[in-house]
Amino acid sequence: MAIATQLILNGIIAGAIYALVASGFSLIYSVTKFMHLAHGAVLALGAYLLYTFSAGMNFWLAVILILICTSFTGVLIDWLVYRPLRKRKASGAVLLIASIAVLILVNSLILALWGADVKTIPTRNPVFDIIGARITLIQIIIIVVSAVLLLVLWFLMKKTKLGTAMRAVADNKDVAQTVGINPERIYTYTFAIGSFLAGVAGILIGIEQNLYPIMGLSLIIKGFTGAVIGSLASVPGSVLGSLILGLVENIGIWWLPSGYKDAIAFVLLFIFLLFKPSGLLGVKVREV
Amino acid sequence: MAFINYLIHLAILVGIYSILTVSLNLAVGFTGLLNMGHVGFFGIGAYASALFALAGFPVWLSIVIGALFATVAGVLLAIPTTRLKGDYLALATLGFSFIMGSIARNWTDVTRGALGIPGIPKIVRGNTEFLIVVLIVAVITYAIFWWISRSRFGKTCEAIRDDELAAKMLGKDTFMHKIAALGISAFFAGVAGGLFAHYITFIDPSIFGLGDLILLFSMLIVGGLASVKGSAIGTIIIFLLPEPLRFIGFPSSILGPMREIIFALILLLILIYRPKGILGKVDLA
Amino acid sequence: MNKPVIAIMTLLLLAACAPVQEAQEKIKVGVIITLTGGQSNYGEGLRKGTDIALKEVDNLNVIFEDEQSDAKAAVTAFNKLTDVDGVKLIIGPVLSGSVLAVAPLAEQKKVVIISPTATAAKISDAGDYTFRIRETATGHGRKMAEYAISKGWTKGSVLNVNAEAGLSYANAFKDRFKELGGTIVAEEMYEKDAQDMRTQAAKLIAAKPEFVYFPGFAKDIGMSMKQLRDLGYSGEFITTPAMEDKAFFTAAGMAGEGVVYSSAFDPESPQSIDIMQKYEQTYGTEGFSWFVANAYDSIKLISKIVEQCGDTVNCIKQQLYATKGYVGTSGTFSFDSKGDVTRSLVLMQVKGNEFVKLK
Numbered sequence: 001m002a003i004a005t006q007l008i009l010n011g012i013i014a015g016a017i018y019a020l021v022a023s024g025f026s027l028i029y030s031v032t033k034f035m036h037l038a039h040g041a042v043l044a045l046g047a048y049l050l051y052t053f054s055a056g057m058n059f060w061l062a063v064i065l066i067l068i069c070t071s072f073t074g075v076l077i078d079w080l081v082y083r084p085l086r087k088r089k090a091s092g093a094v095l096l097i098a099s100i101a102v103l104i105l106v107n108s109l110i111l112a113l114w115g116a117d118v119k120t121i122p123t124r125n126p127v128f129d130i131i132g133a134r135i136t137l138i139q140i141i142i143i144v145v146s147a148v149l150l151l152v153l154w155f156l157m158k159k160t161k162l163g164t165a166m167r168a169v170a171d172n173k174d175v176a177q178t179v180g181i182n183p184e185r186i187y188t189y190t191f192a193i194g195s196f197l198a199g200v201a202g203i204l205i206g207i208e209q210n211l212y213p214i215m216g217l218s219l220i221i222k223g224f225t226g227a228v229i230g231s232l233a234s235v236p237g238s239v240l241g242s243l244i245l246g247l248v249e250n251i252g253i254w255w256l257p258s259g260y261k262d263a264i265a266f267v268l269l270f271i272f273l274l275f276k277p278s279g280l281l282g283v284k285v286r287e288v
Numbered sequence: 289m290a291f292i293n294y295l296i297h298l299a300i301l302v303g304i305y306s307i308l309t310v311s312l313n314l315a316v317g318f319t320g321l322l323n324m325g326h327v328g329f330f331g332i333g334a335y336a337s338a339l340f341a342l343a344g345f346p347v348w349l350s351i352v353i354g355a356l357f358a359t360v361a362g363v364l365l366a367i368p369t370t371r372l373k374g375d376y377l378a379l380a381t382l383g384f385s386f387i388m389g390s391i392a393r394n395w396t397d398v399t400r401g402a403l404g405i406p407g408i409p410k411i412v413r414g415n416t417e418f419l420i421v422v423l424i425v426a427v428i429t430y431a432i433f434w435w436i437s438r439s440r441f442g443k444t445c446e447a448i449r450d451d452e453l454a455a456k457m458l459g460k461d462t463f464m465h466k467i468a469a470l471g472i473s474a475f476f477a478g479v480a481g482g483l484f485a486h487y488i489t490f491i492d493p494s495i496f497g498l499g500d501l502i503l504l505f506s507m508l509i510v511g512g513l514a515s516v517k518g519s520a521i522g523t524i525i526i527f528l529l530p531e532p533l534r535f536i537g538f539p540s541s542i543l544g545p546m547r548e549i550i551f552a553l554i555l556l557l558i559l560i561y562r563p564k565g566i567l568g569k570v571d572l573a
Numbered sequence: 574m575n576k577p578v579i580a581i582m583t584l585l586l587l588a589a590c591a592p593v594q595e596a597q598e599k600i601k602v603g604v605i606i607t608l609t610g611g612q613s614n615y616g617e618g619l620r621k622g623t624d625i626a627l628k629e630v631d632n633l634n635v636i637f638e639d640e641q642s643d644a645k646a647a648v649t650a651f652n653k654l655t656d657v658d659g660v661k662l663i664i665g666p667v668l669s670g671s672v673l674a675v676a677p678l679a680e681q682k683k684v685v686i687i688s689p690t691a692t693a694a695k696i697s698d699a700g701d702y703t704f705r706i707r708e709t710a711t712g713h714g715r716k717m718a719e720y721a722i723s724k725g726w727t728k729g730s731v732l733n734v735n736a737e738a739g740l741s742y743a744n745a746f747k748d749r750f751k752e753l754g755g756t757i758v759a760e761e762m763y764e765k766d767a768q769d770m771r772t773q774a775a776k777l778i779a780a781k782p783e784f785v786y787f788p789g790f791a792k793d794i795g796m797s798m799k800q801l802r803d804l805g806y807s808g809e810f811i812t813t814p815a816m817e818d819k820a821f822f823t824a825a826g827m828a829g830e831g832v833v834y835s836s837a838f839d840p841e842s843p844q845s846i847d848i849m850q851k852y853e854q855t856y857g858t859e860g861f862s863w864f865v866a867n868a869y870d871s872i873k874l875i876s877k878i879v880e881q882c883g884d885t886v887n888c889i890k891q892q893l894y895a896t897k898g899y900v901g902t903s904g905t906f907s908f909d910s911k912g913d914v915t916r917s918l919v920l921m922q923v924k925g926n927e928f929v930k931l932k
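Taken in sequence, the protein lines are chains A, B and C.
With my numbering applied, the first sequence corresponds to residues 1 to 288, in that order.
With my numbering applied, the second sequence corresponds to residues 289 to 573, in that order.
With my numbering applied, the third sequence corresponds to residues 574 to 932, in that order.
Where hints are given, some of them may not hold.
[Claimed, not checked] Just a sample of chain C residues kept apart from chain B, beta carbon distances all over 12 Å, derived:
1. 599
2. 600
3. 657
4. 700
5. 712
6. 754
7. 764
8. 769
9. 819
10. 827
11. 849
12. 851
13. 893
14. 898
15. 907
16. 932
[Said to hold, decoys possible] Residues from chain C that keep clear of chain B, each with C-beta distances beyond 10 Å, as calculated:
17. 632
18. 697
19. 748
20. 802
21. 807
22. 842
23. 856
24. 882
25. 929
[Stated by the list, open to error] In silico BS3-like pairs for lysine-lysine, Cα to Cα no more than 25 Å straight-line:
26. C:877 with C:851
27. B:410 with C:877
28. A:173 with B:373
29. B:373 with A:87
30. A:119 with C:924
In short, the hints are calculated from the structure, not lab data.
Virtual Cβ for every residue (Gly too), placed ideally from N, Cα, C.
With the hints as extra help, turn the sequences into a complete structure.
Here you go:
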């Protein structure tokens, strides 16, 4: 096994996982202009629901149910928390704090309901050999799904009426309103789609890794780091940034002790926020 | 008898956290700097104080040294970040506390990494005595902040919060004010950290985690931004609120998340319905 | 869990807290174990062992606290038991890091702590009030090094958890292995509760060792083995007693087949058979491990001592130090002047999802 190939592959796998998280987050940010950190908790919810449902139900039925649940949860959060705050013209900073509060709230609920021990979702997971490195079926699926999601999102945003409306609101909410688009409805759709993506991410990540109560927190931090690196307001950018993050992390610890993996991510985040907050793809966002 | 011990324990924690809250208030409430990395200063103060004390320095001196380390960190953090806007500043400062956590976990020669630092010396033998120490420090801290809030420095900070451009037009050096605000804020957070370390006698890198962030912001916002008195009240309320839960006899595995759920809910409710908090003069907008 | 269940549980808990008629002689004893958190699987076995023993004694009033697999929580639990409940004697904590965090407090408050499981070498010097009925990791590390050499392996690697016990095992192993002429070609570490050890695994595999020695906890040992096999590693695995828990099988799947580890619990001795039978009567054939035996012995031992000493701490301490040749279900042991025990070790193996003695 070629170690270099394996590390690069590990990087791509990690990057794909982060991309799954980042894409939904980025979609929501691009339209609503604030950082919905609670996205991580919706993801975790998806994973934990899979754990509970997979014990009895048919897998695909469970998946459909979970995706409905997570989309609904995302919309619920918007209606109960963000919408009232938007009504009183709260700043992005307030929404950020509120989203952290929701993140912690849902995390704690998960902790209370499912307990603090690590859970596994048992699956059959054959291993494959690709150009000298090893990869499992689930990992392949994750990479394929992130790529597919990216294409689907692109299609949605560029070619559908809803997507155009979303881009209009993203670009300028007030002007969009004058042409008859209802921003609040668009926000609802955005949260539904974004949280649907969170559900997909939760299911796949839950199978690939193990479930632990603060997984939502850890993943959203990596997810938004990836998004910041690529470009917060651009879904393809956030996917790119996530891949880069995954690669840098996994290749970086070839030289550094493995404990530094997270440190690499945080330092990258810090540097980008300070010097290039619009990310590598440089998509700027109009201040709300 | 046992109950009194428990009350003393609670009072000590309230004392320590009230210092932490009012110091955060200077940065967030008075100067408008949304510093989400405040636990970074708390942790630096705790670690530095613990290490110096274990190296033989007198405990009170270690706490001061720890606070100075935190101050330096505060100033260094302020320099690049104060030109950032709102939520970017928040995230960058959050990133700072994560980086501190990483350093604590990886600089094992000094911090023993994930194993933590046990056996930190106490200041005084008994808890009652320690409570008195904490209360004295808290009262002094509050007096200092109250004085700051009425001073020209404090008023300028508030002007910066409300309209930085206008303040600049009036010839104020907004940059230096922001640095000073974060530095002072960090110093007292470091003091609180030192007191904490010498009370719990064991610290590990988890002190830098998000765990206390919601707690802190709940206390800050409930009490009210830019209100020194408010910070004390906010701390007391937030700490006391979940206590009745203990007596319902929930198993401790539910108790932990229950407290977090309560804090998060309170914070959300306050943000949505009464963002000024109890005594606040402004809200976060 | 839904609302009615929580409501019923709350009511039951309230009922349980209601004052009960107690015999005057019951001594309060605290038990701090990992009921939740990353190592909660051990807590289950320990609790069952405690419960089995409690059915056989009647002079103890046990108060459980959750260590939460975290040293800070252990300190809080210790403080709560000593300040609020006024106990003078505590069984626990489970994890070596937690014991080391609590030990200075035990010295200060003059409370005896006896860990049923902590194995790090540093605990020997943790204090006069700190005891354990678990042997130190040093003996285990050395034994596995000798085993490796006896199999003719000269190139080894170590993958240990970044925790006190893990480091203790790893250091003892490495020293002895090198002493006997072996070479460590790679060593990697992972954080407690980490989920992804693949990069460490990749680095290990690249060094081409003949075996990997895993000082860790049951779940992460299992996960690491699985990830190593997934990445194509075909060498041998050896490890420590910490893996003897069913959480290992859940994590490792088939990857753990054939792994050899050292243990102080000999499943073929008469006392072991005795505890295994008692366990089976109440809990069936699944889930037994040496953790059950150690917890059982802890309770029975202090019940005996408390019979003589009440809750006079000095007497308890003296009696512990004087305990020699105690025949427990976990084996026969004596406390030395440091509050440690030494035990003879056997080699065990995983065969077909069971822990059996190595033939």
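Residue 657 (chain C): least C-beta distance to chain B exceeds 12 Å? violated, 5 Å
Does the no-contact call for residue 851 (chain C) survive, Cβ to all of chain B over 12 Å? The claim holds: residue 851 (chain C) sits with its nearest Cβ about 26 Å from chain B, beyond 12 Å.
With d taken as the least Cβ-Cβ distance between residue 882 (chain C) and chain B, does d exceed 10 Å? holds, 22 Å
Residue 173 (chain A) and residue 373 (chain B) were given as a pair; does the straight-line alpha-carbon distance stay at or below 25 Å? With a Cα-Cα distance of about 21 Å, the restraint between residue 173 (chain A) and residue 373 (chain B) holds, given a limit of 25 Å.
Taking C-beta pairs only, is residue 849 (chain C) more than 12 Å away from all of chain B? It holds; residue 849 (chain C) is separated from chain B by about 29 Å at its closest Cβ, greater than 12 Å.
Taking the shortest Cβ-to-Cβ distance between residue 700 (chain C) and chain B, state whether it exceeds 12 Å. Violated: least Cβ distance 10 Å, not greater than 12 Å.
Status of the stated non-contact between residue 599 (chain C) and chain B (beta carbon gap over 12 Å): Its Cβ never comes within 12 Å of chain B, the nearest being 17 Å, so this holds.
Agreement of residue 877 (chain C) and residue 851 (chain C) with the hint, judged by alpha carbon distance not exceeding 25 Å: holds, 20 Å
Just double-check residue 712 (chain C) for me: nearest Cβ-Cβ distance to chain B has to come out over 12 Å. Since the minimum Cβ distance to chain B is about 22 Å, residue 712 (chain C) lies beyond 12 Å and the statement holds.
Beyond 10 Å from every chain B Cβ - status for residue 929 (chain C): It holds; residue 929 (chain C) is separated from chain B by about 34 Å at its closest Cβ, greater than 10 Å.
Residue 119 (chain A) and residue 924 (chain C) were given as a pair; does the straight-line alpha-carbon distance stay at or below 25 Å? Answer holds: residue 119 (chain A) to residue 924 (chain C) is near 24 Å, not above 25 Å.
Can we trust that residue 856 (chain C) is non-interface, i.e. its beta-carbon lies farther than 10 Å from all of chain B? Residue 856 (chain C) clear of chain B: closest Cβ-Cβ about 21 Å, beyond 10 Å.
When each numbered hint is compared with the structure, violations occur for hints 3, 4, 7, 27.
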